[in-house]
Structures are given as C-alpha cells and as structure tokens.
Amino acid sequence: MTSVAATSSTFTFSAAAFQRLHPAEYFRKFVSQGVRPDGRLLSGFRPTTVHKSVVSTANGSSMVRVGGTTVVCGIKAEVAEPTLEAQDKGYIVPNVELSPMCSSAFKAGPPSEQAQVVSDAIDRILKDSDVVDLEQLCIEKGRAVWALWADVVCISYDGNILDAALLAVMTALTNVRLRKPTYDEGVVTVSGEALTEENSFSLTLTRTPLSTTFAIFDTPNNTLLADPNSAEENVSLGRITVTLDEKNQLCGVHKVGSGSCSPALIKSCIERAKERTQELRSLLA
Amino acid sequence: MTSVMSAVVPGQRLGHVQEYIAGPGTYSHQDFLYASVVGLKQVTTADGDERPTLSVARENTQTAIPEIDAIVTCKVVRVNPKFASVNIMVVDGKPCTDNFQGIIRSQDVRATEKDKVKIYNSFRPGDIVRAQVISLGDARSYYLSTALNELGVIYGTSIAGGTLVPISWQEMQCTKTKVIEPRKCAKPM
Amino acid sequence: MDRKRVAGPENAVAPLVEYPKDQLRWAPQQEHRHSSKRQPEDIRPIYLKTGLINQANGSAYIELERTKIACGVYGPRQKKASQLSSFSGKGTLNCEFKFATFSCQKRRHHIRDAQERELSQVLSQALAPAVRLELFPKSVVDVYVTVLENDGLAACLAAAITCASVALAHAGIEMLDLVAACSGSYMTVPRNALGQPQTDATTTAAGASRDEIWMDADLEEEKHEDGSIVLAYMPSLNQVTHVLQNGRAEGAVISQSVESCIEACNKIYAVMQHSLLESITNGKTQ
Numbered sequence: 001m002t003s004v005a006a007t008s009s010t011f012t013f014s015a016a017a018f019q020r021l022h023p024a025e026y027f028r029k030f031v032s033q034g035v036r037p038d039g040r041l042l043s044g045f046r047p048t049t050v051h052k053s054v055v056s057t058a059n060g061s062s063m064v065r066v067g068g069t070t071v072v073c074g075i076k077a078e079v080a081e082p083t084l085e086a087q088d089k090g091y092i093v094p095n096v097e098l099s100p101m102c103s104s105a106f107k108a109g110p111p112s113e114q115a116q117v118v119s120d121a122i123d124r125i126l127k128d129s130d131v132v133d134l135e136q137l138c139i140e141k142g143r144a145v146w147a148l149w150a151d152v153v154c155i156s157y158d159g160n161i162l163d164a165a166l167l168a169v170m171t172a173l174t175n176v177r178l179r180k181p182t183y184d185e186g187v188v189t190v191s192g193e194a195l196t197e198e199n200s201f202s203l204t205l206t207r208t209p210l211s212t213t214f215a216i217f218d219t220p221n222n223t224l225l226a227d228p229n230s231a232e233e234n235v236s237l238g239r240i241t242v243t244l245d246e247k248n249q250l251c252g253v254h255k256v257g258s259g260s261c262s263p264a265l266i267k268s269c270i271e272r273a274k275e276r277t278q279e280l281r282s283l284l285a
Numbered sequence: 001m002t003s004v005m006s007a008v009v010p011g012q013r014l015g016h017v018q019e020y021i022a023g024p025g026t027y028s029h030q031d032f033l034y035a036s037v038v039g040l041k042q043v044t045t046a047d048g049d050e051r052p053t054l055s056v057a058r059e060n061t062q063t064a065i066p067e068i069d070a071i072v073t074c075k076v077v078r079v080n081p082k083f084a085s086v087n088i089m090v091v092d093g094k095p096c097t098d099n100f101q102g103i104i105r106s107q108d109v110r111a112t113e114k115d116k117v118k119i120y121n122s123f124r125p126g127d128i129v130r131a132q133v134i135s136l137g138d139a140r141s142y143y144l145s146t147a148l149n150e151l152g153v154i155y156g157t158s159i160a161g162g163t164l165v166p167i168s169w170q171e172m173q174c175t176k177t178k179v180i181e182p183r184k185c186a187k188p189m
Numbered sequence: 001m002d003r004k005r006v007a008g009p010e011n012a013v014a015p016l017v018e019y020p021k022d023q024l025r026w027a028p029q030q031e032h033r034h035s036s037k038r039q040p041e042d043i044r045p046i047y048l049k050t051g052l053i054n055q056a057n058g059s060a061y062i063e064l065e066r067t068k069i070a071c072g073v074y075g076p077r078q079k080k081a082s083q084l085s086s087f088s089g090k091g092t093l094n095c096e097f098k099f100a101t102f103s104c105q106k107r108r109h110h111i112r113d114a115q116e117r118e119l120s121q122v123l124s125q126a127l128a129p130a131v132r133l134e135l136f137p138k139s140v141v142d143v144y145v146t147v148l149e150n151d152g153l154a155a156c157l158a159a160a161i162t163c164a165s166v167a168l169a170h171a172g173i174e175m176l177d178l179v180a181a182c183s184g185s186y187m188t189v190p191r192n193a194l195g196q197p198q199t200d201a202t203t204t205a206a207g208a209s210r211d212e213i214w215m216d217a218d219l220e221e222e223k224h225e226d227g228s229i230v231l232a233y234m235p236s237l238n239q240v241t242h243v244l245q246n247g248r249a250e251g252a253v254i255s256q257s258v259e260s261c262i263e264a265c266n267k268i269y270a271v272m273q274h275s276l277l278e279s280i281t282n283g284k285t286q
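For the protein sequence lines, the chains are A, B and C, in the order given. When we follow the UniProt record's numbering, the leftmost residue of the first sequence carries the number 1, and every step to the right adds one. When we follow the UniProt record's numbering, the leftmost residue of the second sequence carries the number 1, and every step to the right adds one. When we follow the UniProt record's numbering, the leftmost residue of the third sequence carries the number 1, and every step to the right adds one.
Hints in this document: simulated from the structure, not taken from any laboratory. Beta carbons are placed, not taken as given, at the ideal position from N, Cα and C, and that holds for glycine. One or more of the hints may lead you astray.
[Said to hold, decoys possible] Here are the simulated DSSO-like cross-link-like pairs (lysine-lysine), alpha carbons at most 30 Å apart as the crow flies: (1) A:LYS141 x A:LYS89; (2) C:LYS4 x A:LYS127; (3) B:LYS94 x A:LYS29; (4) C:LYS80 x A:LYS52; (5) A:LYS89 x C:LYS106; (6) A:LYS107 x B:LYS94; (7) C:LYS267 x B:LYS41; (8) C:LYS4 x B:LYS94; (9) B:LYS176 x A:LYS29; (10) B:LYS82 x B:LYS114; (11) C:LYS267 x A:LYS107; (12) C:LYS90 x B:LYS75; (13) C:LYS106 x C:LYS49; (14) B:LYS178 x B:LYS114; (15) B:LYS94 x C:LYS223; (16) C:LYS223 x A:LYS52; (17) A:LYS255 x A:LYS267; (18) C:LYS80 x B:LYS82; (19) C:LYS4 x C:LYS106.
[Stated by the list, open to error] If we take Cβ atoms under 8 Å as the criterion, some of the chain A residues that face chain B in the derived model are: (20) SER14; (21) ALA17; (22) ARG20; (23) ALA24; (24) SER104; (25) VAL235.
[Unchecked claim] Facing chain A, from chain C, some residues (calculated, C-beta under 10 Å): (26) ASP2; (27) ARG66; (28) ALA70; (29) LYS106.
All chains should be built: construct the whole structure from the sequences, respecting the hints.
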C-alpha cells in the first residue's frame with residue numbers, strides 16, 4: 001500500500017502521509033471505488049469472536065473481539081441495601097472504561113464523554129428492555145440484594161465500542177454464577193466450597209439485545225459503512241446504532257452525530273442489523 | 001555492500017568494537033557492540049571505511065519524532081502577530097502517530113526582508129505547511145522555519161472553501177472564486 | 001460521588017465467605033506447592049504475545065496461568081500539559097499501573113489508589129535504566145499496564161515489568177537491554193525429623209520448620225508467606241535494575257533469593273526473546 005502515491009496539487013506524499021494530512025480525502029478515494037482501506041466492502045463487518053469465563057476472580061466474565069477492538073467484561077457481585085421504591089430488586093451497574101492504554105485518543109483521569117455515552121447507552125438498554133428480572137437478585141426483601149458491577153475494560157480500541165461492549169456485557173451476564181446466600185441478622189454469608197450446581201445459580205435473561213452500528217460517511221449519497229473502525233469513525237458525520245433482541249424486536253435505534261438521514265436509510269439499517277445480530281447470536285450460544 | 005543476517009533483540013551482543021563501527025540500532029558498552037532495537041542485524045561495508053558498519057534495521061518502526069534540520073509537514077492551528085502555531089504531523093515523509101506542537105516565528109518565515117513579514121499575510125489556520133526544524137525550542141514547541149524557496153504553504157483552502165493554487169511566491173488563488181489571498185507559498189519540488 | 005459513571009448502590013460490600021469446618025484450607029505443609037506440582041524453584045508457564053493493541057506503538061500481553069496482564073506503549077510523543085515542567089534534554093518514561101475492577105478477590109475502584117500509584121513508580125524505576133532516554137529529548141514514552149486478573153501481587157508486579165519491557169521493545173524504543181523480572185516468597189515449611197516435607201498435618205510437633213524460597217508464588221501461597229522479593233534484571237548485561245524486598249527473612253536467605261530470581265529471570269528472558277523474534281516473522285508474512 002505504501003507504493004501508492006497520492007498527490008495534492010503538485011506535492012507528492014506517501015499514502016501513509018497523505019492519510020495523516022487529509023484523512024477525509026483519503027477515505028473518499030477508497031469509498032468512491034466501493035471499498036474501504038482495510039479491504040472490506042462498505043457493508044462488510046469485521047471478524048468477531050467471543051470467549052466466556054476468562055477471569056476467574058469475577059463472578060461472570062467475557063472477552064469480545066471485533067476486528068481490532070478488544071474488550072473484557074468482568075462482573076463482580078456485592079451485597080447492598082435495596083432502594084425504598086424497589087425493595088426486592090437488585091442492581092446491575094454497567095460501566096465502560098476507555099483507558100489511555102487502548103488508544104491515544106483517551107486521556108487518563110475521569111471517564112471521557114465517549115465512555116460516559118457508551119456506559120449510559122448500555123445502562124438504558126439493560127433497564128428499558130427489561131433484560132434481567134432484578135427480583136432474581138433479591139436476598140432478603142427490604143434488607144439485602146445483590147449488586148452486579150458489570151465493568152467493561154477496553155484493551156484495544158479500534159472503533160465501534162458500543163457493539164463490542166454490549167456483546168461483552170450480555171455474554172458475561174449469561175456467564176454469571178452466584179453462590180446461594182444465607183441472610184442472618186444483617187449479615188450475608190456464602191459458602192467457600194467449590195462451585196456446584198446445588199450451591200449456586202445462574203441468571204435468567206428475559207431477552208438478549210445486541211446492537212449493530214453503521215457510520216454515515218456522507219449525506220447526499222447516504223453512504224453507510226458497517227461496523228466502522230476508529231479511522232472511519234473520525235471521518236464520518238454520525239452513526240446509527242440498531243439494537244435488536246432474539247425475536248428481532250427493536251430495543252433501540254440511536255442516531256448520533258451531525259448530518260441528517262432519510263427514514264428509508266434507517267429502515268435499511270434495521271434490515272441489515274437483523275442479519276448481523278443473527279450471526280452474533282450464534283457466537284453467544 | 002550490505003549483508004542481512006539474523007534477527008536480534010535489544011541487549012543481544014553483536015560483536016567487538018575493534019571489528020565493527022556502531023551503526024543505527026546499536027550501542028557500544030565496554031568492549032562490545034549490542035543491539036538496542038528489535039530487528040535484523042546488517043553488516044555494511046563501504047569503500048574507504050577501515051571497518052564494516054554493524055546496524056540493526058528496525059522491524060517495528062518507532063514513531064517519527066522531529067529532529068533539527070528535519071523537513072516536516074504541519075497544519076496551522078493558530079496565528080498571532082508574532083508567530084503561527086502548528087501541529088507537526090509528518091516528519092521526513094513519515095507520519096507521526098501523535099501531533100507535536102511547533103511555532104513559526106515571524107522572523108523565520110522568509111530569508112529576506114524579515115522585518116516586513118506579516119504572519120496573517122503568510123499563513124492562515126487550516127493551511128498545510130512544509131517547514132524545517134531549526135531548534136528543539138522551549139519545553140512545549142519546536143521552532144520551525146520556512147525561509148527557503150521550497151518551504152511554505154503547500155495546501156490551503158480559501159475563505160469560500162475552494163482549493164488554493166499558487167500563482168506567485170506570495171499569492172495563491174482560489175479555484176472557485178478566483179479571489180487572490182496572500183500566503184508564503186512553497187515552490188513545488 | 002462519581003457523576004461521570006453509571007451510579008450503583010453506595011454501601012455495597014462483598015458477602016462473608018464461610019469455609020466448611022471439616023475442609024481445611026490450603027496451607028504450606030504438603031509435599032508440593034499450591035497449584036499443580038511445582039517445585040520451589042519452578043515458575044509458572046508463561047504465555048507472552050506482542051501486538052494486541054493496534055492503536056498503540058507497541059503492546060504485549062502476558063499470562064502466567066491465572067495472572068493476566070496487558071500493556072500498551074505510546075510514544076515518544078509530546079508531553080501533555082500536566083507532565084510539562086521545564087525543557088529537558090532527556091526523554092521521560094511515564095508508567096501507569098491499573099488493576100481492572102474485577103481483577104482481584106475484592107472489587108477495586110475505578111479511581112487510581114495509593115497501591116496503584118506505588119506500583120506505577122516501581123514499574124518506571126525498574127524500566128528506566130534500560131531505556132535510552134537521551135535519544136528523545138523533551139518527549140515522553142507512556143507505558144500503560146492493566147491487570148485483568150491478579151493471582152499473587154508480587155508475581156503480578158514482576159509479570160508487569162516483563163510485559164512492559166517487551167511492549168517497549170515492540171514499540172521500537174531504543175533500549176540497552178530487555179528487563180526480565182521475577183518474584184520469590186519466603187515460606188516457612190514444616191518438616192519432619194527426617195528433613196522430608198511433611199505430608200500428614202497431625203504430626204506437626206515432630207519436626208522443625210525450614211525456610212524455603214518459592215519462586216513466582218500464587219495468591220494462595222502468598223497468604224502464607226513471611227515476605228517476598230521482586231527483582232528486575234537485565235539478563236544480557238547482567239545488571240539488576242530494581243529490587244523490592246519486604247517482610248522478614250535471614251540475610252543468607254535474601255542473598256540466596258537474589259540468586260534464584262536471577263536464575264528465573266534468565267528463563268523468562270528466553271520467552272521474551274522468542275516472542276519478540278516471533279513478532280518479526282509474523283510481520284514478514286503479513
């Protein structure tokens with residue numbers, strides 16, 4: 001690829017330098033040919049893998065790779081008091097950490113805006129779609145419930161963090177094993193024996209929503225890039241994320257960023273998302 | 001004449017100082033030469049050298065960093081009457097993964113009539129400029145110069161949004177509106 | 001209160017764990033160590049791979065059975081405003097060590113705590129002597145380490161140093177040598193009169209105890225240790241870059257432990273070399 005020389009007026013650059021200086025122009029040259037710099041077609045998704053039970057210190061865990069994006073989700077269970085409004089309901093608290101390790105785009109310190117948006121999106125999908133019946137997490141009504149901290153650590157960032165993180169959270173939730181607790185005068189005790197079918201239980205998920213993201217590259221032509229990587233995210237106007245459950249029921253459609261799009265475009269996104277989520281679901285099983 | 005030999009890792013002993021000259025990717029410690037990067041060991045024999053040069057060709061290239069005399073390509077981010085602030089994006093044709101900050105002071109824009117230079121008649125924010133590193137500068141910025149014919153603005157957009165083409169050494173014309181804007185143009189090489 | 005994260009219940013605590021009375025927890029009195037059938041001088045098998053973070057200039061991932069650590073290296077790049085002091089003719093090595101919230105037995109917090117700050121400093125002290133900082137004036141090399149699973153703190157620190165050193169080399173940063181690190185734990189192991197390790201827990205009174213050094217101890221073993229040592233070492237130059245010793249041990253045992261660590265570092269060095277050379281051949285085929 002380095003042999004391709006791109007010209008800007010009369011000055012010649014290597015392809016790598018040209019991409020650095022004029023990223024949008026660089027992409028437009030590829031997109032006009034119907035391909036993307038990484039060799040994918042515009043509608044192509046990156047290879048995706050899912051692993052379960054990767055961290056033994058967590059109650060449930062998963063590792064998801066979507067192309068160059070790698071995330072690990074670990075769920076830790078702790079005991080907390082329920083709220084007054086929902087005395088028999090536990091908590092599931094998802095948070096996504098985009099550390100400076102995974103990309104130079106992120107700084108150390110409090111979560112960036114992007115991390116907050118992704119954490120919040122997952123939290124809303126879990127709550128609004130009623131993914132887990134939180135009564136399963138009750139230990140003693142009004143006294144003690146399980147709080148599941150679902151923390152997603154991004155190891156390597158290469159775009160489309162929401163799809164990867166949501167897939168990781170869903171996989172980790174199906175992977176959770178909680179020890180059967182005993183409640184005695186304000187103290188919750190679990191057994192230290194090895195995990196067995198008798199002394200522990202898994203969560204029952206009402207549904208498993210999974211998302212598919214498309215980047216809107218340019219508005220007049222409505223060019224969509226499926227599963228954008230980080231370079232493509234940077235040159236795109238906005239993104240459309242479609243979340244579907246296993247019955248292909250919509251759990252959410254989000255369009256973020258500038259640029260407008262037609263209702264027909266959103267419909268075609270939903271159709272393409274149906275195929276993609278079917279593929280992802282086979283990985284989850 | 002260059003002969004490529006085995007792959008090495010940092011710290012690996014390559015040879016004796018009396019036999020070889022230390023080239024890039026190596027260092028000498030006491031009587032021996034060692035590799036300092038991961039890569040392929042190479043021995044180069046040049047005419048006139050009493051000893052062959054031992055070097056290690058980097059396999060995973062370190063990101064480019066600006067050095068004195070390097071030709072850099074940068075983007076103008078701010079201008080004020082004293083200097084233009086730029087982000088250095090490419091060093092000697094190699095893109096750097098992260099921007100480095102640099103400034104072009106008004107006295108470094110041209111080689112002649114330095115006191116008549118006006119920064120806003122030379123650069124505008126958004127211009128892509130080719131410049132040379134003249135010093136490591138202060139704690140924050142590298143100091144750059146465009147005081148050579150082939151240095152200066154190589155790509156810019158006009159107020160109307162059209163691409164600018166150079167028409168003289170200090171003027172560029174918009175391709176859309178034909179409006180002429182002042183710039184310190186670079187002579188195409 | 002943290003407003004930038006999804007809020008959970010405030011006073012969440014880990015449940016009490018009760019172990020059945022008849023089932024004794026592991027203690028250092030069996031004839032072999034906690035995990036598998038390791039001898040005192042054996043270290044856990046190492047899996048080490050470079051290049052998992054494609055946005056970083058260099059990266060590495062290390063696994064020692066349950067210990068899992070990822071490391072990304074960025075730079076040399078411009079110092080951030082917070083790192084800026086005065087002009088420096090030398091480069092800076094900035095290390096940040098972080099435990100994932102789920103990596104330990106007890107849940108950790110998102111915000112960096114005192115222990116993580118201390119480990120960051122140890123990491124940078126252990127690596128800096130090997131990096132040729134004079135070659136990149138006024139720039140910084142950032143080393144970020146994330147522990148995904150912690151199975152023994154001293155071993156975790158040692159693995160982080162090893163992993164970060166490989167990531168630095170992978171980033172093409174000029175170095176004097178790779179830095180291998182290994183940990184050892186001082187254990188008091190009960191022995192019977194014949195000097196054999198005791199197999200039956202009920203006859204403890206019959207023999208005296210003996211100090212042993214168990215290399216690369218895991219979490220269960222670490223709970224019973226008297227102290228530990230972490231040693232960082234440049235194998236090819238035969239120089240030690242950092243020693244961290246804590247706890248109680250006799251002088252002779254400590255000098256013996258330094259020897260054992262160096263021996264183990266040489267074994268680790270072979271793995272590091274192999275993974276870096278492998279990254280070259282992989283680069284060729286792509």
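Verification of the supplied hints:
no., hint, in the structure
1, A:LYS141 x A:LYS89, "holds, 8 Å"
2, C:LYS4 x A:LYS127, "holds, 18 Å"
3, B:LYS94 x A:LYS29, "holds, 21 Å"
4, C:LYS80 x A:LYS52, "violated, 38 Å"
5, A:LYS89 x C:LYS106, "holds, 23 Å"
6, A:LYS107 x B:LYS94, "holds, 25 Å"
7, C:LYS267 x B:LYS41, "holds, 24 Å"
8, C:LYS4 x B:LYS94, "violated, 38 Å"
9, B:LYS176 x A:LYS29, "holds, 21 Å"
10, B:LYS82 x B:LYS114, "holds, 12 Å"
11, C:LYS267 x A:LYS107, "violated, 36 Å"
12, C:LYS90 x B:LYS75, "holds, 26 Å"
13, C:LYS106 x C:LYS49, "holds, 28 Å"
14, B:LYS178 x B:LYS114, "holds, 29 Å"
15, B:LYS94 x C:LYS223, "violated, 51 Å"
16, C:LYS223 x A:LYS52, "holds, 28 Å"
17, A:LYS255 x A:LYS267, "holds, 13 Å"
18, C:LYS80 x B:LYS82, "holds, 24 Å"
19, C:LYS4 x C:LYS106, "holds, 23 Å"
20, SER14, "holds, 6 Å"
21, ALA17, "holds, 5 Å"
22, ARG20, "holds, 4 Å"
23, ALA24, "violated, 12 Å"
24, SER104, "holds, 6 Å"
25, VAL235, "violated, 15 Å"
26, ASP2, "holds, 8 Å"
27, ARG66, "holds, 6 Å"
28, ALA70, "holds, 5 Å"
29, LYS106, "holds, 9 Å"
Checked against the numbered hints listed earlier, the structure breaks hints 4, 8, 11, 15, 23, 25; every other hint is satisfied.
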